[in-house]
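Residue numbers (the numbering used here), protein chains in the order written: chain W, 1 to 319; chain C, 1001 to 1319; chain A, 2001 to 2319; chain Y, 3001 to 3319.
Everything labelled a hint here was simulated from the structure, so no lab data went into it. By construction, the Cβ of each residue, glycine as well, lies at the ideal position given by its N, Cα and C atoms. Be a bit skeptical, because a hint or two may be false.
Simulated restraints, written as ranges between beta carbons of each label pair [claimed, not checked]:
1. W:F181 - A:G2263: 16 to 26 Å
2. W:H287 - C:D1191: 24 to 34 Å
3. Y:H3097 - C:P1098: 39 to 49 Å
4. Y:H3097 - A:L2307: 57 to 67 Å
One side only, chain A facing chain W, incomplete, derived with CB under 10 Å [what the hints assert, rightly or not]:
5. G2188
6. V2227
7. A2241
Number of protein chains: 4
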Amino acid sequence: MRGTSKCYEYNEPWNRRSTASLAVPPLDPGGSTKYYEGNNPRDSKIDLKAPAATANVLLFEVLDFRGFLNLDLWKFAVLECVASMMNTFLTSWVALHPPSALASPQTELGIYHTSTFFSPLFTGLTMTFLVPLLIYTLAPSSGGHINPTLTMATFFARMITFPQMVLYIVGQTFGGALGGFAINTAYGSRDFTVGGCSVNTSVVSVKDALAIEFMGCLILIYVAFGVALDPRQGRLFSHAASPWFIGIILGLVTWASAFTREGYSGASLNPARCFGSYVASTFPSYHWIHWFGPFAAALVHAVIYYLSPAWVDPRTQSS
Amino acid sequence: MRGTSKCYEYNEPWNRRSTASLAVPPLDPGGSTKYYEGNNPRDSKIDLKAPAATANVLLFEVLDFRGFLNLDLWKFAVLECVASMMNTFLTSWVALHPPSALASPQTELGIYHTSTFFSPLFTGLTMTFLVPLLIYTLAPSSGGHINPTLTMATFFARMITFPQMVLYIVGQTFGGALGGFAINTAYGSRDFTVGGCSVNTSVVSVKDALAIEFMGCLILIYVAFGVALDPRQGRLFSHAASPWFIGIILGLVTWASAFTREGYSGASLNPARCFGSYVASTFPSYHWIHWFGPFAAALVHAVIYYLSPAWVDPRTQSS
Amino acid sequence: MRGTSKCYEYNEPWNRRSTASLAVPPLDPGGSTKYYEGNNPRDSKIDLKAPAATANVLLFEVLDFRGFLNLDLWKFAVLECVASMMNTFLTSWVALHPPSALASPQTELGIYHTSTFFSPLFTGLTMTFLVPLLIYTLAPSSGGHINPTLTMATFFARMITFPQMVLYIVGQTFGGALGGFAINTAYGSRDFTVGGCSVNTSVVSVKDALAIEFMGCLILIYVAFGVALDPRQGRLFSHAASPWFIGIILGLVTWASAFTREGYSGASLNPARCFGSYVASTFPSYHWIHWFGPFAAALVHAVIYYLSPAWVDPRTQSS
Amino acid sequence: MRGTSKCYEYNEPWNRRSTASLAVPPLDPGGSTKYYEGNNPRDSKIDLKAPAATANVLLFEVLDFRGFLNLDLWKFAVLECVASMMNTFLTSWVALHPPSALASPQTELGIYHTSTFFSPLFTGLTMTFLVPLLIYTLAPSSGGHINPTLTMATFFARMITFPQMVLYIVGQTFGGALGGFAINTAYGSRDFTVGGCSVNTSVVSVKDALAIEFMGCLILIYVAFGVALDPRQGRLFSHAASPWFIGIILGLVTWASAFTREGYSGASLNPARCFGSYVASTFPSYHWIHWFGPFAAALVHAVIYYLSPAWVDPRTQSS
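Same shape as in the complex, but just chain W (with noise of 0.2 Å):
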């Protein structure tokens, strides 16, 4: 029947475009305005073959290497590598210090008395103000991930394939990168660190900077899936809100982990960001955990979003 699939049409294209961005756009009545689905453009092979796979990639799917040739899936990676670049310049520069510039507490009002403190607090503001425009302007498009954990936490939810993953991060880290270069020429030394990428190792060991980039992430994807990229929750403010709360969550956690211990500026949440501060002056011995830190935490909510019993197999549902 004509109006049944007329229906199927206007839930399908809703359902395929929520899974990976950031924000939903409302949907448009007049249909003037052409949308992408994120993650399964409509004239891709992948997906003419399992019209009904919405919110999830069947398993093979996910592994389909076919995605590479997908022009549109390049062209999102570009977007991604200029969102990250201006993420990375704007959010590193504001962080930048001299190597010895992180004081000790000298009077009463302590540790909330010393750049350690306002330092991240900055950064954190910056984050949460720069962040939510710029999804705004990718979420249509790419999706507004900008951040390789959330890239990386979609994949492992089976919100995007193999192929868009990595290309998104590539693009993601280039971008930073391209930052990096940018910040390197502004500043016009190397002699600096970046808050939110710096360890000092001979205080804080490298496994207790893991716990709290771990925990950090974690936290952030944990958030993410539950006002922005869950197409199962059910969502209590206006689509308009979801990026706002990802830079609140982006930045609270990065201001609150970064003045409790000495000798450690806060959790990255970001290894495109902390690629290309190093870029722009050097890599250190344990930039892995920056890597390692948001993949296990994508891994770990991967479980706990599968064990949710909100979940509900789309392709069951609709047999």
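Mind docking chains C, A and Y on chain W? Use the hints.
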């Protein structure tokens, strides 16, 4: 008549969903999203026996121990555990001090220029921003209690069953302990105290601390019911605002109770958080006040709740 | 067919109005309010020749010099001039310093306790609150650019014609000069510098300053298109929010770029503002970077804009 | 025809209400609330003669002195007087200083750590929050001008008649004086200055102060028309937002103009407030600039207003 029964069915799931969730999702006319009814999952035996019982669980239902066989309740408890772990980690990390850190005022600005004032302020702000985002994430499934204080209060208000209360509190406390282990790893030492969970018993008597804990929990529960839990409340604001009001009252009481008296670092309001922070450091002799305070406040609130002139037994109403 | 043409007429004025305005008014069903189509007034010759051309001006139209004869464009330029005068006056006045005012850090708080940090913070806040209100005022007529950076960016994205760009930029620059004369009168001296327009070339090389200026303008343009200018964007938020997002990104970049490097007072983002402040004080040798930075950023953005997979030529679509 | 006249009656009160009110109440379909048409009460003789004249008063109407016999205008003037008294008292009380209180900077924080900076900041915040609430209260009756600057601007834009302007300004100034008497009683001394109304003429020439006063009033009027008064503006935001925007621009200009130049405490923007504060202390020789600045700004704005291409004479349109 058909119209009447349709209207009845329309209101029914709404009431049941709202009873123990800290944020009520809007009704979903299309019906594509599947929500769980926070406390009485549709397929539980309790529910099938008395489908009209909604906001309040009957007395014999409260003690029906078959709820322990309900798989959904176990899954909800796991989600509460995960959220409690993240909440305990971040809010304890930001409030963590070496035991000697709290300073006496030395300038004319008095207490307002010491870490004794700023530490609970920043802890309160962290709660204000973190807790609402976690509630958004959990509200459609477990209801987003996160905190044993609120779980106890919903039990005494006959909104959830005894098995649900036990499973939730065990989950929240275990999550607190997991968060404590993460703090332990990340800080690399057991020699610290956490704001809101530390009482200097040589200066402040345990009885005094219990009085503040009780008053703080009562304020929290009263406001949480007023803005989110009580199904009889006429809401003046969008449902999306409720979690933020709970975050604000949590942060406000945490901060406002913390700096007035020397040797007392503020009301806990969340026994699972203190339990976790003691796992990370050491258990003090006065830990019982963080459990007895919320328990007494939940009992007293239940009396206020049933005395409230707005209360109407839903079964009386429908008969 | 009737349905199609009706749909076409519905979209037409909307698209044309949205092309170069920083805030699109909602459609007015009653029709009592008369709006002007920002860039292509209905009665202009350009428009009558190609009524289907909407979001993008055709290449030969861009260079149609008859736009200089359009009285409305001149009136719009006068409005841009007035707004630029007020914007330049207030945001420069609040950022005005005697040349020696920027202090080096002397306490453990480092840069965060000096006027070097607070001055751009307050300048950024002034922009965040002033610019959206000016955009609201101008959006229904000239589009509310106020800033040559955004006018250049809309030109390179083929949203406005060459004559419109020239008239706007001349108006904005002349308005900046008028604001500069007012500052000159109000301050009673030419011996000062203005934050965002001052580079100590003995410490910071001009190339470094250009790098920051370019990155800042790119971020501004990218976000301005993402949240307001790009007609292909699916808006996630109310149109009323766009001007505030532009205010936020302006204030954020102004502040975040200003205090990291000694001798550099932050990105300008608005060449007309610096032009005006130099009229009030003296022109430095490096003023060209405040024009070349936005120019290069607008060019680079135009390339990203046309690469974006969301781009569909509206003429191709409607044929 | 009936349909046409119904449509006419629908639009008519809307336009008339919007002409000189700083917040337009939403249309009330039920009709239970009774609003007054700001400037031309329905039962006045002026109105009955020319029912089609709405947004703009005809030239001979402007000078019709029979308005002085209109009882409603007198009632509105009393309301303006009461609001002006409250506004003057609170915003002057918060800005009140002993003459020696404004300090020179002594630390590296410069001006930002002195009462010279904080006093106008808190005054501006008080205005930002107080004025919108007063406008909400008065908008349905007198229009909520409160401030002679806005009354002058609406007169020169031909929105109100000469008698209305005179009655309003007399009421506002008398209210300012009443507020001044209250300050005098509450402070117990005449030996103080009020921020925004004090110029140290030994340091700042009166001509310089007039330049800032003029620019500040022009910004205020321009934005007030853009966001609230101009009936031709396409509103982008809820009507509830207009008073807040006016509060923001008032607070912003008050604060931003106040601390840059030593000896000048900021633009007044409201001659009635300064008049009241001089009643409470003593009248200086330069009080005329607080009246001439707004007068000149209102005149210049009227020219811009009629040049604006959006302007269409409503009588031409309806004929």
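Against the structure, the hints:
no.: 1; hint: W:F181 - A:G2263: 16 to 26 Å; in the structure: 21 Å, holds
no.: 2; hint: W:H287 - C:D1191: 24 to 34 Å; in the structure: 30 Å, holds
no.: 3; hint: Y:H3097 - C:P1098: 39 to 49 Å; in the structure: 43 Å, holds
no.: 4; hint: Y:H3097 - A:L2307: 57 to 67 Å; in the structure: 58 Å, holds
no.: 5; hint: G2188; in the structure: 35 Å, violated
no.: 6; hint: V2227; in the structure: 5 Å, holds
no.: 7; hint: A2241; in the structure: 7 Å, holds
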